[in-house]
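Residue numbers (our numbering), protein chains in the order written: chain A, 9 to 171; chain B, 14 to 384.
Treat the hints as calculated values from the structure; they're not laboratory data. From a predicted model like this one, the values you see are computed outputs, not experimental measurements. Incorrect hints may have been included.
[Said to hold, decoys possible] Capping the alpha-carbon separation at 27 Å, the derived lysine-lysine pairs in DSSO-like fashion look like this: (1) A:87 with B:115; (2) A:87 with B:363; (3) A:93 with B:64; (4) B:50 with B:64.
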Amino acid sequence: MGLLENKFNDNIIVEKLDKLLSWSRSTSPWFFQFGTACCAIEMMAAAASRHDLMRIGMIPRSSPRQADVMIVAGTVTMKMAIRVKKLYEQMADPKYVVAMGSCATSGGPYWQHGYHVLKGVDIVIPVDIYVPGCPPRPEALIEGLLKLQEQILQERPLTRKMA
Amino acid sequence: MTSERDKLISELVLKALDGDLDSLNAVEDRVLRAKAKAALVKAKKDPKAYKAQFSAVESSTEKSGQKELTEAEKKISELVLKALDGDLDSLNAVEDRVLRSKAKAALMKAKKDPEAYKAQFLAVESSTEKLGQKKLTESEKKISELVLKALDGDLDSLNAVEDRVLRSKAKAALVKAKKDPSGYKAQFLTSANTDLNPIIEAKKTVAKIETLNSKIKKLSMISFPGIILNDDDELFLQVSPVNWYSFAGWLKSEPSLAFDSLQCQTGFDVGDEHLEARYNLHSMSHDHYTEIRIRVSRKEPCIPSVEKVWRIADWFERETYDMLGIDFSGHRDLRRILLPEDWEGWPLRKDYKVQETYHGIVIPKMKEGWE
Numbered sequence: 009m010g011l012l013e014n015k016f017n018d019n020i021i022v023e024k025l026d027k028l029l030s031w032s033r034s035t036s037p038w039f040f041q042f043g044t045a046c047c048a049i050e051m052m053a054a055a056a057s058r059h060d061l062m063r064i065g066m067i068p069r070s071s072p073r074q075a076d077v078m079i080v081a082g083t084v085t086m087k088m089a090i091r092v093k094k095l096y097e098q099m100a101d102p103k104y105v106v107a108m109g110s111c112a113t114s115g116g117p118y119w120q121h122g123y124h125v126l127k128g129v130d131i132v133i134p135v136d137i138y139v140p141g142c143p144p145r146p147e148a149l150i151e152g153l154l155k156l157q158e159q160i161l162q163e164r165p166l167t168r169k170m171a
Numbered sequence: 014m015t016s017e018r019d020k021l022i023s024e025l026v027l028k029a030l031d032g033d034l035d036s037l038n039a040v041e042d043r044v045l046r047a048k049a050k051a052a053l054v055k056a057k058k059d060p061k062a063y064k065a066q067f068s069a070v071e072s073s074t075e076k077s078g079q080k081e082l083t084e085a086e087k088k089i090s091e092l093v094l095k096a097l098d099g100d101l102d103s104l105n106a107v108e109d110r111v112l113r114s115k116a117k118a119a120l121m122k123a124k125k126d127p128e129a130y131k132a133q134f135l136a137v138e139s140s141t142e143k144l145g146q147k148k149l150t151e152s153e154k155k156i157s158e159l160v161l162k163a164l165d166g167d168l169d170s171l172n173a174v175e176d177r178v179l180r181s182k183a184k185a186a187l188v189k190a191k192k193d194p195s196g197y198k199a200q201f202l203t204s205a206n207t208d209l210n211p212i213i214e215a216k217k218t219v220a221k222i223e224t225l226n227s228k229i230k231k232l233s234m235i236s237f238p239g240i241i242l243n244d245d246d247e248l249f250l251q252v253s254p255v256n257w258y259s260f261a262g263w264l265k266s267e268p269s270l271a272f273d274s275l276q277c278q279t280g281f282d283v284g285d286e287h288l289e290a291r292y293n294l295h296s297m298s299h300d301h302y303t304e305i306r307i308r309v310s311r312k313e314p315c316i317p318s319v320e321k322v323w324r325i326a327d328w329f330e331r332e333t334y335d336m337l338g339i340d341f342s343g344h345r346d347l348r349r350i351l352l353p354e355d356w357e358g359w360p361l362r363k364d365y366k367v368q369e370t371y372h373g374i375v376i377p378k379m380k381e382g383w384e
């Protein structure tokens, strides 16, 4: 993709190709299978048969190299923060991050006194979607992921960005 | 006329319920017999209720007969009880043949399960005797209560007793009890009240641990004089860190203690100038517990590791080291267990200051305006 990306002026051909690409990306955002705390249980429930993330094209991948979306599910401690950052860096572009639960969005219950907790994962990596809740129900996570799909669909990967 | 007939029927039915069907069958009056049989069928559905209903209606002569019977039974039970205690002569000396033979038969039966028989018939004994016995046990109970109170420091309630005899007895018991207070406590807290009172149960446990702690102290005098720093009326043993490793090994190997399991090891910042490590020990074979506390100064927090004595202490001590910075000397792998290895400071100390940054990530100070 690197050869074509951001190379073309805005015209009809590019418009259609853009839509094709963003449509295909948005309908198969494979997510990275890892959890840091209790939110991971809800993430697993969302991926299991009752809520079935696969029907919106989301398949868990065990390697960051194969994943498009990182769902940060749970408390991120300082010890984990460097590892989360490293994992994010190992993911291939295009990559997206969903911060799931109040710990990952803001530090949650450790907001004030947790000396060892990162106050929101957006301190170390860029976040696209925030899902509040402690923990959020699978429905909430699914809504967050649908919002992410909408966002991906809006993207026009081939069009040259106006400076 | 009818009422007499009813009475007759009830008598027959009662007899039949007790196994004597012949007297019912021997009735010549057909109507009466049929009615009695019908009543019997009914009565058999709930014999107890029937008996209760009709034995009250029974004639007075029969009642007195029953009383005599119970008296004879009482006599029999007395004789049997005596015989069970070894006094056969009084049974043999009974002149009434019938009574004697009955008593012998009862004795044969009773010998199969003497305890149950005693328990059953001691309750039947004459009321005067019962009262006497009850008083005795109650006064004993009272004495033990007073002594227990006195041992806990409350002498006033003993002195306030008006009954002279009781007071002097209680004082004598107190003198005796003072020689071995924990033994006395253990004995009477078990015997005083058998019903499961939670307070008494807790006191029992306390007494058990106190006894064990004083035992450990006595035993340690030989090879570890002065290692236990506190008095034995507390529920833990304050131990000096100097000889702790060999003392721990001794606690595990001494057959009468045999503390084979370290259930928990944790640490405390006790404020002022000290840190404290606590060890909860349990013995599988003796089923007893104790707690060891070791206090060290904040400046040089060094305690010998017992990781080689109880292998579980490996991770326990690593956690205590991680949180409080107590240096367990002799530990073969003393690293932080929860926090990253390059973390600064000991978080569970009272004077802990959070570091400014960690690997370039700024650690925010306490946020304001949130609560």
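Structure-based check of all given hints:
1. A:87 with B:115: violated, 88 Å
2. A:87 with B:363: holds, 22 Å
3. A:93 with B:64: violated, 88 Å
4. B:50 with B:64: holds, 16 Å
In summary, the numbered hints that this structure violates are 1 and 3.
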